[in-house]
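There are 2 protein chains.
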Amino acid sequence: MAKSGKAGGRKERDQRTERKIVEMAEGVARSALGGREPQVAIPTRARSNTIWNKRKGILEMGKASQDRQLFNLNQAKSFMQTMLHGSSVKDLIAADKTLSLRGMFYKGLHTVAGTKEKTFADQDESDGILEDLEVSLGALREELHIFAKKAGTMVGNITLVDSGDEIDCRRMGSGGYAIPSIVEPDVIQFKRCEAKFVLHVEKNTVWSRFNEDRFWEKHNCILTEGGGQPPRGVRRLLRRLHEELNLPIYCLLDCDPWGHYIYSVIKQGSISLAFESERLAIPEAKFLGIRAKDYKACGLSDDVQIALNDTDIKRAKEIAAYPWFEDHKGWQREIEGLLGNGFKMEVESLITKDISYVTETYVPQRLKAKDWLD
Amino acid sequence: MAKSGKAGGRKERDQRTERKIVEMAEGVARSALGGREPQVAIPTRARSNTIWNKRKGILEMGKASQDRQLFNLNQAKSFMQTMLHGSSVKDLIAADKTLSLRGMFYKGLHTVAGTKEKTFADQDESDGILEDLEVSLGALREELHIFAKKAGTMVGNITLVDSGDEIDCRRMGSGGYAIPSIVEPDVIQFKRCEAKFVLHVEKNTVWSRFNEDRFWEKHNCILTEGGGQPPRGVRRLLRRLHEELNLPIYCLLDCDPWGHYIYSVIKQGSISLAFESERLAIPEAKFLGIRAKDYKACGLSDDVQIALNDTDIKRAKEIAAYPWFEDHKGWQREIEGLLGNGFKMEVESLITKDISYVTETYVPQRLKAKDWLD
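Sequence lines, in order, name chains A and B.
Numbering follows our numbering, in which position 276 of the first sequence is assigned residue number 335; successive positions increment by one, without gaps.
Numbering follows our numbering, in which position 6 of the second sequence is assigned residue number 65; successive positions increment by one, without gaps.
Hints are not guaranteed to be accurate.
Any copy will do: because identical chains look the same in the list, a pair fits if it lies in one copy or spans two.
Straight line, CA to CA, 25 Å or less: simulated SDA-like cross-link-like pairs of lysine to any residue [what the hints assert, rightly or not]:
1. Lys175 x Arg425
2. Lys149 x Leu196
3. Lys373 x Arg89
4. Lys79 x Asp224
5. Lys70 x Gln288
6. Lys250 x Asp224
7. Lys149 x Gly116
8. Lys429 x Glu253
9. Lys208 x Trp317
10. Lys175 x Phe249
11. Lys156 x Lys355
12. Lys373 x Leu129
13. Lys412 x Asp183
14. Lys429 x Ile101
15. Lys156 x Pro102
No wet-lab data here; the hints were simulated from the structure.
If you're wondering where the values come from, they're calculated on a predicted model, not measured in any experiment.
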């Protein structure tokens with residue numbers, strides 16, 4: 060039922076997470092009682108400890124970790140912060156509530172008794188400790204009952220259940236279903252899905268064009284957008300649609316380094332948060348366009364050209380050197396094409412052909428010809 | 060029916076808008092054929108032409124207007140741009156499609172025949188011309204079939220129909236219904252509403268807290284958020300909920316100049332776009348909090364204090380001088396309170412009391428005591 064209905068899985072996941080927190084706390088307590096220095100091992104979240112797993116096609120975190128000790132002047136504060144947030148997460152699980160990153164900062168914030176020292180200087184410090192907790196517990200932020208600002212919407216040939224409410228994404232009007240920040244299987248279950256693929260677009264204005272033209276109905280698919288760089292909730296939902304329902308994910312992004320980077324994060328994960336890739340990355344995601352060749356292939360006019368600036372050129376070269384693009388002939392050609400053109404192109408620029416050229420001609424042709432980069 | 064169902068009103072609104080465009084074009088044609096200089100009158104969109112209508116409680120545009128002439132070197136370009144966008148809007152209405160602001164820029168963009176001159180230098184120029192069209196035709200952007208980036212979500216005790224699809228906002232899970240950019244009566248109709256008021260919050264993370272605690276169910280209301288400064292779609296929907304369903308609108312915003320400004324725009328309209336106030340402003344909207352007095356009233360600790368910087372102080376004084384706040388004792392006291400405190404407070408800071416203090420104690424108490432600013 061709808062009221063406060065949570066699916067069966069919740070308790071199990073929560074029990075698992077809670078156990079991990081209790082184990083961490085007990086380890087600390089044992090050390091203290093045994094006269095040893097209390098410490099926790101925190102896997103290193105740094106580029107130096109990020110490994111490109113070519114076989115799996117994702118970024119992974121390496122084995123490096125650092126001990127965080129209570130009786131070490133440089134580490135005492137972060138040690139206590141880690142315990143504090145660990146304890147807050149345990150409270151959240153017990154109360155069956157979730158909190159935002161900002162909320163966690165406030166929840167943990169106080170003046171340490173007998174001092175004038177605050178527990179956290181700012182939210183950045185708090186966010187960093189939460190990432191430490193994620194990696195050291197091996198639990199996604201979402202499993203710690205913590206959410207972030209949400210963005211992104213969805214429509215299409217699928218019915219899902221969100222917190223007990225049945226959401227028919229075929230009947231969501233012009234607005235759509237707002238994708239929440241936490242989309243784990245105990246919050247969202249897939250119920251009925253006829254869709255054969257997912258079309259993911261960069262911007263919600265483009266999404267509106269596709270929804271208005273009822274692309275998802277004509278082509279039997281699901282239509283999503285992530286408000287630019289999609290937040291974790293959108294990436295996790297795409298991953299679940301791909302993994303659990305075997306749906307291919309096609310990305311329609313701008314022909315510029317930012318579009319390429321968005322694709323790279325959807326596909327391989329982000330370099331700064333490699334530990335999340337195992338649950339978020341979609342190595343099989345396809346880049347449908349916009350492609351550098353489209354300027355000629357689609358017969359576009361020079362109206363669509365937005366000149367590359369120095370930052371764009373620098374970023375394009377950096378992206379070309381990513382390990383997963385470095386050996387990829389298609390991507391090397393694509394980025395050379397972008398640099399050779401000397402200009403960027405946005406998805407919206409296809410409107411210079413016709414309002415619905417992108418929904419009626421461009422995407423259908425590319426899908427039919429299987430003309431994409433992967 | 061759902062498929063491409065538009066409610067009856069659409070055609071009527073479109074006919075009205077189309078007639079206005081045709082009239083503008085015919086006026087120009089008549090002048091040209093009669094040997095007179097073609098021109099259109101564009102009401103002046105400037106602070107100097109913005110009037111505070113105290114009786115209505117909204118910002119209005121004054122009577123000043125400027126002629127835009129074809130045979131005037133300084134005006135020829137903008138004259139032609141106005142005609143170009145007018146023609147594009149006519150196309151959109153004929154095709155029964157909508158376009159984003161970015162899309163309109165691309166639709167109008169081309170090289171003027173026989174020259175190397177582009178029709179528009181950039182999107183800003185295009186957006187400005189669209190605003191000119193709105194005011195000179197007396198038609199909202201939404202009536203011109205033009206939409207902007209959407210933001211904002213909604214849940215609560217209301218059922219609405221969006222483009223033929225019935226949306227039960229009581230069963231929207233943790234994600235919610237994504238509020239579209241165009242919410243005119245022919246797109247969205249209110250069907251069944253038991254809710255007695257609307258609680259509008261600033262951030263979607265706060266909204267998630269209220270939704271998770273099912274505040275809207277316990278207090279029989281509608282819960283909305285606008286992703287910070289709410290876009291026009293959200294403001295227009297709030298206005299319609301207020302006007303057509305007689306629902307009071309309570310705003311829960313941060314205690315800082317930005318929160319006060321958001322409230323001011325919801326209430327009176329924005330200074331730069333005064334012509335839209337008649338359809339968007341809600342003079343009766345209430346500011347429920349956070350209030351400067353809450354630091355003491357709620358017994359908050361100094362953890363919640365975020366020091367005001369020079370820009371904040373300057374903005375606070377500017378807002379205090381707005382005509383609608385200038386004579387308002389409550390608002391003068393409120394802003395003095397903020398400046399006297401010397402610090403800002405966020406809605407999330409109430410989490411320092413308890414995760415659900417804001418949903419279970421703060422808002423219910425304020426509503427019961429009718430303790431708000433209006």
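Structure-based check of each hint:
Neither within a single protomer nor between protomers do Lys175 and Arg425 lie at most 25 Å apart by alpha-carbon distance, with minima of 62 Å and 33 Å respectively. In this assembly of identical chains, Lys149 and Leu196 lie within 25 Å of each other by CA distance solely inside one copy; the values are 13 Å within and 59 Å between copies. Within a single copy, Lys373 and Arg89 get their C-alpha atoms no closer than 52 Å, and across copies no closer than 55 Å, so neither meets the 25 Å cut-off. Taking the shortest Cα distances, Lys79 and Asp224 never come within 25 Å of each other, neither inside one copy (30 Å) nor across copies (45 Å).
For the homomeric pair Lys70 and Gln288, neither the shortest alpha-carbon distance inside one copy (32 Å) nor that between copies (37 Å) is at most 25 Å. Taking the shortest Cα distances, Lys250 and Asp224 sit within 25 Å of each other both inside one copy (11 Å) and across copies (20 Å). For the identical chains of this complex, Lys149 and Gly116 are neighbours neither inside a copy (34 Å) nor across copies (49 Å), given an alpha-carbon limit of 25 Å. Taking the closest pair of Cα atoms, Lys429 and Glu253 come within 25 Å of each other only inside a single copy of the chain (21 Å); across copies the shortest separation is 50 Å, beyond that limit.
Proximity of Lys208 to Trp317 under the C-alpha cut-off of 25 Å is found in both arrangements, the shortest distances being 21 Å within a copy and 18 Å between copies. Proximity of Lys175 and Phe249 under a CA criterion of 25 Å is satisfied in neither setting, with 50 Å inside one chain copy and 54 Å between copies. For the homomeric pair Lys156 and Lys355, neither the shortest alpha-carbon distance inside one copy (53 Å) nor that between copies (27 Å) is at most 25 Å. For the identical chains of this complex, Lys373 and Leu129 are neighbours neither inside a copy (43 Å) nor across copies (44 Å), given an alpha-carbon limit of 25 Å.
In this homomeric assembly, Lys412 and Asp183 come within 25 Å of each other (Cα to Cα) only across copies, at 21 Å, whereas the closest approach inside a single copy is 45 Å. For the identical chains of this complex, Lys429 and Ile101 are neighbours neither inside a copy (44 Å) nor across copies (50 Å), given an alpha-carbon limit of 25 Å. For the identical chains of this complex, Lys156 and Pro102 are neighbours neither inside a copy (27 Å) nor across copies (52 Å), given an alpha-carbon limit of 25 Å.
When held up to the earlier numbered hints, the structure conflicts with 1, 3, 4, 5, 7, 10, 11, 12, 14, 15 and fits the remainder.
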